[in-house]
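S.K.: Sequence:
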Amino acid sequence: MSIKQDELDARAAKMIYQSSKYSHIPSLNLSSNYGTSFGRSINPTTNQFENTKFSSLGLSAGSSVLLFGWFQKRYAIQSNELKYKIAQESMEQLKNDLLLNVATAYLRALLAKEQITNVLYQIEISTDNQTRIEKLTTAGRSNILELSQAKTQFYNDKGIYLEALLNYEQSLIDLKVILNIDLQQKIVPVPNLNESVFLSVEEIDPEAIYNSALTYIHSIKSSTYNVQVAEKDIQLTKAKELPQLSLNFSSGTNYSSSYYEVLPSGDRQLISFGKQFNNNLSHFVGLGLNIPIFNNFSSRDAIRSAKIGLEKARITDEENRQKLKQEIYKSCIEYKRTLQQYNSSLSALENAGIALKAATIRQEKGFISYFEYLTEKNNFLKIQNETTALKYELQFKKITVEYFQGKFVI
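Here the numbering used here is used: position 12 in the sequence shown is 12, and no number is missing along the way.
It cannot be assumed that every hint is accurate.
[Said to hold, decoys possible] No farther apart than 25 Å at their CA atoms in a straight line, the calculated lysine to aspartate or glutamate pairs in the DMTMM-like style are these: (1) Lys221 to Glu207; (2) Lys398 to Asp174; (3) Lys323 to Glu393; (4) Lys330 to Glu402; (5) Lys382 to Glu402; (6) Lys391 to Glu327; (7) Lys158 to Glu364; (8) Lys158 to Glu124; (9) Lys323 to Glu92; (10) Lys330 to Glu92; (11) Lys325 to Asp174; (12) Lys407 to Glu207; (13) Lys85 to Glu319; (14) Lys275 to Glu261; (15) Lys323 to Glu334.
Rather than coming from a laboratory, the hints here were simulated on the basis of the structure. Everything numeric in this text was worked out from a predicted model, so none of it was measured.
Between the sequences and the hints, there should be enough to build the whole structure, so can you do that?
M.R.: Below is the structure:
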């Protein structure tokens, strides 16, 4: 919905800009009037007072051309063009923000889905372990305590599985809300992560990324345009103090139902419609000069206000650039840290898997207690979940860095 609002704002700004481009074209106006007069009134054709009832019709046309003083119009056109660009950049920035939000929600859904797979694997291990303990108990190599512990672990894993399902359903709802689709519509996130294409540390240079980002990050381009608009506002305000010279032209004619002519015979005859319009046709050509002299210091105050607006726009632009730089450096540092954590977690997961296999064999042979085996199993599952979470966190960090690099693709 926010994107639709921004699209409407962009369309409105475009219409204002296009309309202002035609403001330098000469104006042309047509007007007409028709009426009936009673009593003593001036006949528009004879310009004499008459005490009678008559009807009259008037037509006129006028045009005006600005000869000097078009600076206001030019600066207004340039300002409206910049405002249109600001609206476009704002809309594009909102689209990019939405893409990042969608990517985040999608990765959360994938994480929740993979956690279900991890829990199912955990249940599978618990089931196999419970079966093994039952056989060992029957053979007299285990006891009721260890069997009870195995069953307890199995039902705990069942509870974790139900919780994972609910988390997955909630992540799908969050994704549908962001996508603005019906909550009843079925969607199935498909994993598409290629772990071999994670960015290397050498590829990440925050200063180089920042310098490049200044040219294509829409929020920065928008704040730059805002500075330019503020500069145009100063020029526009100053231009209002300049004289304006215009060329004016008008033409008009009229008709009256009481305009008669005297015939040679002495009779009076109403002059025809066409003849009256031709006889009464008049034209005017003139120059108009408007020189601002004193307006209660409003122009001076307007210029001061425009200069303050320019300073504020420059401060905002600088703040946006500093904020962008901080975000880029932070994103690069977080990506490097998460990459190191993920690689360490992969090594830890591999070793935890080896330890779990060894503990399984040793527990079957009675070399260690079930509690010791359970400790290794829980440690493996803990590291497995942490590795899964780090994998998706790293993917999001990668998307963020690629966004600042200008190659963000979902």
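S.K.: Determine for every hint whether it applies to the structure shown.
M.R.: Hint by hint, here is what the structure shows:
{"no.": "1", "hint": "Lys221 to Glu207", "verdict": "18 Å, holds"}
{"no.": "2", "hint": "Lys398 to Asp174", "verdict": "22 Å, holds"}
{"no.": "3", "hint": "Lys323 to Glu393", "verdict": "22 Å, holds"}
{"no.": "4", "hint": "Lys330 to Glu402", "verdict": "14 Å, holds"}
{"no.": "5", "hint": "Lys382 to Glu402", "verdict": "30 Å, violated"}
{"no.": "6", "hint": "Lys391 to Glu327", "verdict": "21 Å, holds"}
{"no.": "7", "hint": "Lys158 to Glu364", "verdict": "24 Å, holds"}
{"no.": "8", "hint": "Lys158 to Glu124", "verdict": "10 Å, holds"}
{"no.": "9", "hint": "Lys323 to Glu92", "verdict": "19 Å, holds"}
{"no.": "10", "hint": "Lys330 to Glu92", "verdict": "23 Å, holds"}
{"no.": "11", "hint": "Lys325 to Asp174", "verdict": "30 Å, violated"}
{"no.": "12", "hint": "Lys407 to Glu207", "verdict": "17 Å, holds"}
{"no.": "13", "hint": "Lys85 to Glu319", "verdict": "20 Å, holds"}
{"no.": "14", "hint": "Lys275 to Glu261", "verdict": "11 Å, holds"}
{"no.": "15", "hint": "Lys323 to Glu334", "verdict": "16 Å, holds"}
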